[in-house]
Amino acid sequence: MTSTTKVEERTLDSLLRLDRLPHIWCPGCGIGPAVGCFIRAVEDSGLNPDKIALVSGIGCTGRVAGYVKLDSFHTTHGRALPFATGLNLGNPDLNVVVFSGDGDLLAIGGNHLIHAARRNMDMTIICLNNFNYGMTGGQMGPTTPLDARSNTSPYGNIEYPFNVPYLVAASGATYVARWTVLHARQLEWSIAEAMIKPGFSFIEVLGPCPTLYGRMNKQPKGMDTMHHYQEKSVVKNGADPKDVGITAEGPIVVGKFVDIERPTFWEQCKLVIDRAQAKKNE
Amino acid sequence: MSENGVLCGTFFMNGDVACAEGAISAGCRFFAGYPITPATEVAERMSERLPYVGGVYVQMEDEIASMNAVLGASWTGRKAMTATSGPGFSLMMENLGLGVMLETPCVLANVQRAGPSTGLPTLVGQGDMMQARWGSHGSYEIIALVPSSPQEMFDLTITAFNLSERYRVPVLMMSDEAVGHMSEKVVIPQIAPEELVNRRRPHGGQEQYLPYKPDEDLIPPMAIVGEGYRFHVTGLTHDERGYPAMTAEAQDQLVRRLADKIRLNKKDIIRYEEVEVEDAEVIVCAYGISARIARLAVRQARAEGMRAGLLQLITVWPFAEDRIRELAQQVKAFVVPEINYGQIVLEVERCAAGKANTLLVAHMGGSVHDPQTILQAIKEAVR
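Residue numbers (this note's numbering), protein chains in the order written: chain A, 424 to 705; chain B, 8 to 390.
Isolated chain A, as found in the complex (with noise of 0.2 Å):
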């Protein structure tokens, strides 16, 4: 992290819906944070707003679509991604964005998830990351790391969570990178440099749920989170995604890890029509 500090003059008002505000989430909730860095991407990628679709699923980062000032969808528990391709496909002009939570896109999602990556759809991925589901109440999911508590793992999590990175860039991710949200100007970048990449990009950004998670995991508070994110995280661009599974002991490795290009679904789609039409003026 940078040690200097920039205040800036910008207003972001204009791409959120400030007649929601207040917004549901807690104090100290990481999904805020994340947004804002959204936000700011949206403008440093001088993308068109209003040619910008966001789509979220079910849960506390669900409720992002309901709070920017953009096309906004608020789909079904794990379906963000599969609305997201039909509005991709249906206008291959948008700039597609699905910005929900681990569970959502891990868990119901999941099966989604690696066949959006597989096809090379044409959209940005922004996954917060909590380690549990916030919105009913901190049951352990498919990311929870192993031992940790939560209301469904009382005795300690017996599961082995996903490494997240690993499994979407198995799957065919074109842009793959983690931040924290401590992370702040580097995950804005990292958003609007997804945004503007052809290609399936997933960033998967992990944030503090003081009311939950962190309670029941010795960090009652946000900041407690945040300073574990300062101990432990490493920036390690173009890391090997295999290796930077998030256990109890080891570091928390950030950074961009992979970046390569491959023919998106539509550009494949674009093939098949003229094929199609070149059979039509045989």
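Derived by calculation from the structure, the hints in this document are not laboratory data. Among these hints, one or two may not hold up.
[Said to hold, decoys possible] Subject to a maximum C-alpha distance of 27 Å in a straight line, what follows is the list of computed DSS-like cross-link-like pairs (lysine-lysine):
| id | chain 1 | residue 1 | chain 2 | residue 2 |
| --- | --- | --- | --- | --- |
| 1 | A | K492 | A | K620 |
| 2 | B | K220 | A | K492 |
| 3 | B | K192 | B | K268 |
| 4 | A | K474 | B | K220 |
| 5 | A | K693 | A | K703 |
| 6 | B | K192 | A | K703 |
| 7 | A | K702 | B | K192 |
| 8 | B | K339 | B | K268 |
[Stated by the list, open to error] Cβ-to-Cβ under 10 Å is the rule here; a few derived chain A residues that face chain B:
| id | residue |
| --- | --- |
| 9 | D442 |
| 10 | R443 |
| 11 | D494 |
| 12 | T498 |
| 13 | T499 |
| 14 | R502 |
| 15 | L504 |
| 16 | F506 |
| 17 | G509 |
| 18 | V695 |
| 19 | K702 |
Virtual Cβ for every residue (Gly too), placed ideally from N, Cα, C.
We have chain A already, so just place chain B on it with the hints.
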């Protein structure tokens, strides 16, 4: 074939293919699906034909994803559909509800096979009729059409898109394996643009636009994504702005409107055909492939001197309750043949209650009715 790649002429094709061609004639340019017997031919035809007319076919990872992709595509302004059968239909129910809640025009064809569960994948059934009405959770109204021939597969798919665009609701095509797989003559006319309905677009400025402020007919105009409206839509109970509204009042207002926009327009939506009902003392009320079998039975009954008629339901949802109530005044009984153990018969019974008897001719699936069983029921009813 016309210049734009849309078919025109007389063809010999099966019902599934006719459904796909009906969709293309209706202006459908997006299909998301997952292979399932006996609906696969719809997807196969779409994968060949959509790129030909500049549309997009995408094969999703399952039917849940298919339904969602269809909804997403519809919000870009495209006419969109999917096709499936029983097991896939079950998977689509969650997001059929999202389609109802977001008021998203789209068409879902269910080429029914016999269930429950995997049942008889390659053989006919009509067991999803109540699921069509009640399959997603919560209180809502839906439109469901039932074709009985490949020609109707073509014609009613166009009707389905028109109703869907008009009322901003997913429309179900409740076909079945027999109709989907039978090949017959299908006449495909050139469809004039004025025969196709397109969703009503916002008529005010972008600043004033409220996504769920209905016009007088209870249907809100629909913006499409990317045009600068910057709208928000949610599966949560919402107000006219599209914002979540967690109150009993908002729930009352929304759920009533979602149902009433269909209920109050029943006359425009409901379709049926009648054969010799004027003097009938027994009416066979049937739909889909069973209506074709019933036609034979009614003809035979007439030949034997019985005053029998046929009411063929073309829409099953909303149900033709007013017409059945009227006919109940005149007939001794309704005979209801279905390829299930009694679903639509419950609706007929409800409408005929106290006025006329109702006889179910149940057939569990795997084949269609023997017309003799329907004739036998007519004879019993006359007695």
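Point to revise | Violated constraints from the hint list, given by number and in increasing order | key: Violated: hints 3 and 8.
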